[in-house]
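Visitor: As they're listed, the protein sequences go chains G and U.
1 is the number of the first residue of the first sequence in the numbering used here; add one for each residue after it.
205 is the number of the first residue of the second sequence in the numbering used here; add one for each residue after it.
Incorrect hints may appear among the rest.
Sample of chain U residues facing chain G (criterion: CB under 7 Å; computed from the structure) [said to hold, decoys possible]:
(1) 269
(2) 270
(3) 339
Here are the simulated EDC-like cross-link-like pairs (lysine to aspartate or glutamate), alpha carbons at most 16 Å apart as the crow flies [as the list claims (entries may be wrong)]:
(4) 406/U with 432/U
(5) 819/U with 803/U
(6) 819/U with 869/U
(7) 477/U with 501/U
(8) 849/U with 869/U
(9) 58/G with 341/U
(10) 796/U with 882/U
(11) 643/U with 678/U
(12) 97/G with 341/U
(13) 562/U with 531/U
(14) 529/U with 556/U
(15) 52/G with 271/U
(16) 169/G with 271/U
(17) 832/U with 793/U
(18) 58/G with 271/U
The hints are simulated quantities; they were obtained by calculation from the structure and are not laboratory data.
In this text, a Cβ means the ideal position worked out from N, Cα and C, and glycines have one as well.
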Amino acid sequence: MGSTTESDLAPGLKLPAKTVFVCCWFLAMMAIARPALPNSASIASAQEYRIKAAFLYKFLLFTEIPPAAPANQEDTIALCVIGSDPPPEAFAEIVGKPIRGKSLRIRYLDTDSPAESLANCHILFFAKVHEQSFHRLLSRLGENPVVSVGEISGFLESGGLINFLRQGKRITFEINRQAAAKSGVKFRSSLLRVAHRVIEGQGS
Amino acid sequence: MSANVRKTSIRKRLVGLIMLICTVAILLACSAFFSYSWLNLRSRQVRDLSTHAALMASTCQVALAFDDAVDGSEALTSLQATPTTAYGLLMRPDGSSFAEYRRLGFALSPQARPDETGFRFDSDWLVVEKAILLNGEKIGSVFLQSDLSELTAFYQQSAITIFIIIVAVLLIIYVLTLRLQGVISTPIAQLAQTASQISGAKDYSTRAQKHANDEIGELTDAFNDMLEQIEKRDQALRQGAELLRATFESTGDGLLVIDATGKIAEYNDNFVKMWQISEDVLATGDINKMIASVSREVLDPGGFKQKIEQLTQSDSESIDEITLKGDRVFERVSCPLIMDGRATGRVSSFRDVSESKKAAHELNSLRSLLSNVIDSMPSIIASIDTEHRVLLWNREAAILTGVSPEQAKGRKLPSLLPQMSQQLERLQEAIAQRNPQFKRALPVESDDQNRFWDLTIYPLVSNGVEGAVVRMDDVTERVRIEEMMIQSEKMLSVGGLAAGMAHELNNPLAGILQNVQVLRNRLLGDLRANQAAANACGIDLTAIADYAAKRDLPQTIDTILSSGKRAVRIIENMLNFSQKSDDHFAAHDLAKLLDDTLELAANDYDMKKKYDFRKIEIARHYQADTPKVMCESVKIQQVFLNLLKNGAQAMTANNAPRRARPRFDLRVSADQELVQVEVEDNGVGMDVDCAKRVFEPFFTTKEVGVGTGLGLSISYFIITENHGGTITVETQPGKGARFIVRLPQRRQLREVAS
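Let's have the full structure, built from the sequences with the hints guiding it.
Guide: Printed below as a string of structure tokens:
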């Protein structure tokens, strides 16, 4: 976390050792102190979203997404988050991580975002988004090659590609290969093996 | 036998060597192969297990990524396919176990995790750990543990295989070596056999057979060459030894060689014959037994043994003689036997020198006889070589020169005999021409008197020795006698001549004197005839007398008369030389005659004027009862007077020695035939020349007119001619003179002689 912050702050900027040390210490204190502030529910939620953020990153690793339309965003992989529930720090760990030579970026969208914004994402996480909303958004997204991930049961049936599940303490996921095949997204077989449930597409 | 041992030995060694080399080679090859295979196997195992781990890592990647332990366990069960893998473990990055697999019946034992290489061997296990990466991030690791049963199996298989290979190969090599070693060993063995044959039989004509043109062939050639050389050398050695032995035997001496331990090493037949030693004694080689047997023959066995002991301890050469019973003498030459610069014994050589000793003895006695003869000769006899060095020097020569024969030998003759220094030419001539040289009465001055030598030089040509024998005789006495005889002959002839002359002169002198007397009488005499003649002539006799006186005529006439009388006296004396009147011979005592003459001289007026006899000491040494001698007393007295006058004159002369008082020693002695009278003064004496001529007529040392020079010659004639005696003088300048008159007792002896 520290090293990421540092490279974010000043790539190529030489800071005095003392300043770096103070910053590190400050950030470390932030990282320890912050989770202590919210209530127990919000602590559990933050932990959960951190795991889910890591899963989102790993999904990208085991998924082949056809080239994105926008040319100006070729050197980034866009992870778009819709919904206000997940705290932004849950994604801090994965921001900037490289994926096939590109770095991962987080974009926050709202439910009213236009179709182009949605289509410009590589992966689209619907965090606690209401059922009507994601129906609408999914339909707006259409068959654009975007990995849509939800965390509500019935998301796959609505045309989502991946949906988080909770099994006791473990967080698992299920995959809709059918919808994926339509949008041109291909999941690696090993991902499919560890998926809790896979909705197989026709003819695949 | 020895050849056999050597033969088998080289074969065995060859086989053994080849076997050893092959064993080592095979072992090296096998161990190399084994090591290679083992390393190969190990790395293959590592590779296999790593591959497994990698496979497992990729299989379990997603399980770890999405925290699916069930999926991980399932993936691990695929390890059952490899029975060697005993344990598999999936770990999270923090090292906690994620999923694990255990082979049936495997008891988990904690194993250390491998280092960076990713694997680790311990005694029983191979462990491999492989990190599981996701997009460059380590999300966990796989840990696999495999047993080493394959390696163990490989060990066993390899051991058996290698053992079989070694046994089989060695067996084949042994058979091949046994068959093929003959190529190398047979020629060597044959060479060895030949060598042993040669050394056994000493037959150097044998040659080794050459098999091939390799090094052994060269060895064989070299061996044969060597044999040839040895054969030649052996032959030469044998010939040399035979020659040596023959020489040893054929030498005339008896030879005995004793080695360093005192044993008899060698001897020749002559030795045995000379000493008559039995072969039994010699065969023992014991020197003591031999000495015991030999010393019976020796005259002095004790000394003989002692000498032998001395010789055995000595390192030097020695020559001595051994006298045996029966007048036999052996000469022994004993030398140390030097071999390689070290004395290794002694060689004694015995020679029978009895004959040569005898001969030498005879030669010695002959030589001593000869030298005695030569020494007993009264002559000087010296033998010299061509360089004039003295070879022989007799006793007379030694006495004369004071140089002993030993000192004289080798020295030059002229340095020993100064007399010879003027006779070198004669010596040279005698030696060169081989002509004897004689020189009679060679005058040589020695000390203060002349001596005379007869010199004879005989060239010496015998025995090849060139040189000469010089003989010198002292003939001084003989020469003196001869001179005396010549003197007396001369005196006789002079006497005869003088007497003749006197006789002839006597008549004219008588006429002169008579007529001078007449002249004086008629001129100065107071005769009537003179007066008558003067008157007749009218001349006054006194005037004539005055004239004569003024012109000293009387003195002149007197001088004529006195001179004439003196001449008459001389003539009378001269006549006495030949006067041989036997008329007045009577027996007289010479001592009395001498005393009478002495008295006469003392009273003689003329003599008294010159010499005062009373100042002269007279010592008389008269032998009592000397026999009387037949003589003319007057003439003998005249002789004595002459002698006394001369002696007195010599003692009172100006140059007479002043230290002593004038003294006459008068001696009268007699023997059977002669009576000898000596008149010895202590006056000035005479030198040799004077003494020689003192008896000659008219020889005088006095001033002219003082003496007639006839006194002693008259005495000489009186003694020798008239009385048949001798008169001689012994004198030295400054030491007086001694006149010796010897008269025979019986006068007829002289008569008979004349």
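Visitor: Hint by hint, note whether the structure agrees.
Guide: Each hint, compared with the structure:
1. 269: holds (5 Å)
2. 270: holds (5 Å)
3. 339: holds (5 Å)
4. 406/U with 432/U: Holds, at roughly 13 Å.
5. 819/U with 803/U: holds (14 Å)
6. 819/U with 869/U: Roughly 14 Å between the alpha carbons, so the hint for residue 819/U and residue 869/U holds.
7. 477/U with 501/U: holds (13 Å)
8. 849/U with 869/U: holds (14 Å)
9. 58/G with 341/U: holds (11 Å)
10. 796/U with 882/U: holds (14 Å)
11. 643/U with 678/U: holds (12 Å)
12. 97/G with 341/U: Holds: residue 97/G and residue 341/U sit about 10 Å apart, inside 16 Å.
13. 562/U with 531/U: holds (10 Å)
14. 529/U with 556/U: holds (13 Å)
15. 52/G with 271/U: Distance ~12 Å between residue 52/G and residue 271/U Cα, so the pair holds.
16. 169/G with 271/U: Roughly 12 Å separates the two Cα atoms, so the pair holds.
17. 832/U with 793/U: holds (5 Å)
18. 58/G with 271/U: The given pair, whose Cα atoms are some 12 Å apart, holds under the 16 Å limit.
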